[in-house]
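Going down the list, the protein sequences come from chains A and B.
Residue numbers for the first sequence follow my numbering, so the first one is 1 and each next one is one higher.
Residue numbers for the second sequence follow my numbering, so the first one is 1 and each next one is one higher.
Source of the hints: derived by calculation from the structure; they are not laboratory data.
Honestly, I wouldn't trust all of these hints.
Looking from chain B toward chain A, a few residues come up when the C-beta cut is under 10 Å (computed) [to be verified]:
no., residue
1, Y12
2, H20
3, R21
4, E23
5, R26
6, E27
7, E67
8, L70
9, M74
10, S77
11, M79
12, I82
Since the structure is predicted, the reported quantities are computational estimates derived from the model, not experimental observations.
A virtual CB, placed ideally from N, CA and C, is assigned to each residue, including glycine.
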Amino acid sequence: MNGILVAVIGLVIFALGYRFYSKFIAEKIFRLDPNYVTPAHKYKDGVDFVPTNKFVLWGHHFTSVAGAAPILGPAIAVYWGWLPAVLWVLLGTVFAAGVHDFGTLVLSVRNKGQSVGTLAHRLVGQRAKILFLFIILILVLMINAVFAWVISNLFITFPASVFPVFIQIPLAIWIGYAVYKRSGKMLIPSLIALAIMYIAAIISSRVEFLQIDLVQYLGGEDAAGWFGLSSVGTAFFIWIVILMIYVYIASILPVWKLLQPRDFINSHQLVVGLGILYLGLLFTNPTITAPMTNATTDVSWFPLLFITIACGAISGFHGLVSSGTSSKQLNNEMDARFVGYLGAVGEGILALISILAVVTLFSSKTEFLATYSSFTEANGAGLGVFVEGAANLANGLMIPPDISTTIVSIIVVSFAATTLDTSVRLMRYIIAELGMEYKLPVLAKKHVATSIAVVSSAALVLLPKGPQGFGSGGYLLWPLFGTANQLLAAISLLLVSVWLKRLGRSYAVTLVPMFFVLATTLYAMFQQVALQWSWFGSDPNNLLFVFGAIIFVFAIWISITALSVLTKDKGLPNDSQ
Amino acid sequence: MLSKIKQLVAFYEEVLSMPHRQEIARELRDEDDLFFLLLYSELLGIPNPVFYYTLELYPYMIEEFHEWHLRMGMDKSPMVGIRCC
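Construct all of the structure, not just a fragment, from the sequences and the given hints.
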């Protein structure tokens, strides 16, 4: 099958979804009103509530939600063949993610621009808000652990990426200072920073001295490392410790010093990445060599596919962005369709090209099956295969493979690092909020909350043992990350359904994806927690069992809440009619 | 063609600068809030020797005060001394 053909079919489906399905939802279900005074106008304050042009808001929304997750999930999920992954990305984006992002945006706009957490409190009750906070806490903990592993893995696999990635830190601090303290424009400094990073990438790809290869320093892959670990295990340990020290510092600094300037550079990287991939696809015109479907014996595609690809098909994290920032800046209610639905489509486009980069890399089906020999192998190798696949596409643009490999790995590491920074910061806030809720003010202290966040994340990523020992098994947490993310999406869809029901409108468009996401998540959790990780399961693992069991209990709790809330009928405050 | 490119660059720059502009505005607003607190601390029971003079600023800050309490989630003025609504 031709890669371009699949991309074109995918883009056409996205376009049809936007043109017809989102229009139907906007007109018949949400009944958007061009005369509705949005919170951006009603509470205009020049800070949070600012009426913003819909194209600018879409750009901001998209760059906020797009990250490393829609790349990693699809790169693993092609294990079951490319067709199931492509179908889930396409149908998930059109019928679930688009509706979810659009729905949470409209719900928030109709409720003073409040976030989904606050709305859970208003629409369902206090218990729902606490439940929500715990789910987000688990989600960010998983993000910290998984992305610390992702970055360490890329640093070990592609040592040339280390130098340019670390150069980004002083460059970001310089941009932060130049822009914030001197009120300069940020386009030029951030483009200069990007150029310096990519020049560093070219140099480090060619100069071996600049490639920080810890495994080689420790004597090669077969050598013994520290504390009885292998050299690869030791390299994972060192990188994870360095990353945790870095995120501790990064998350307590003011956002303008490091986090925001990094985002400016990464926004360019998103454009560069998408450009390289889609143009590369066009010029390379590759054939898909991976099998359409792959009959596996170890892990069945149903239901695990639906939690392996979370971002890119449906992701609860988007609801936090929709209701947290975008809803406060929506100029006209009619723009919600463009910003919310098309934001999800943007993420779907990224996931689609990630799949294509992976499935067009191999020279034959046999080679694919050798790399993706088991689900565990797929989890461990997926990201590396994506980087090589993307470099293969970049070859069509005349970029030498060694340089394009380094640049693509820098792009993925940068996305993952920004996600890590943000999520450690978010975890700090949640710990502080839970501390206030349960009368433990000590948890609200910056260093206490950050220490808890960093130490628990480091413990979680270091404990699972992968094939290469201590610290290399972070990918085992990926399904748990997917589960927490899907649960969050299910609660958000539930809130939109409750709101629609109370308005007397049809709520099937949100309830059906909600039940689908919840059912597949519950089924996948049951399979993994009870049949795999428990003491009597096929692969006992206490750590994963405990975390899985906690998420499973939350999932059951949400299902019960869903049923009870949907059967009740309360009036709505006037302002959200 | 050139104007289209300029338009595209302007759009791109606006997308980039949105969170930054917001951060600066937030910091400025926090400083303003602190300034208000210093001016009208007497209303909260904190002695302020220059309150007699700062009270002269009352007509200039009443609108901003109204926006502040709305922003804080209070539909009506929380202080009896300031009757903005």
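Those earlier numbered hints the structure runs against, lowest number first: Violated: hints 9, 10, 11 and 12.
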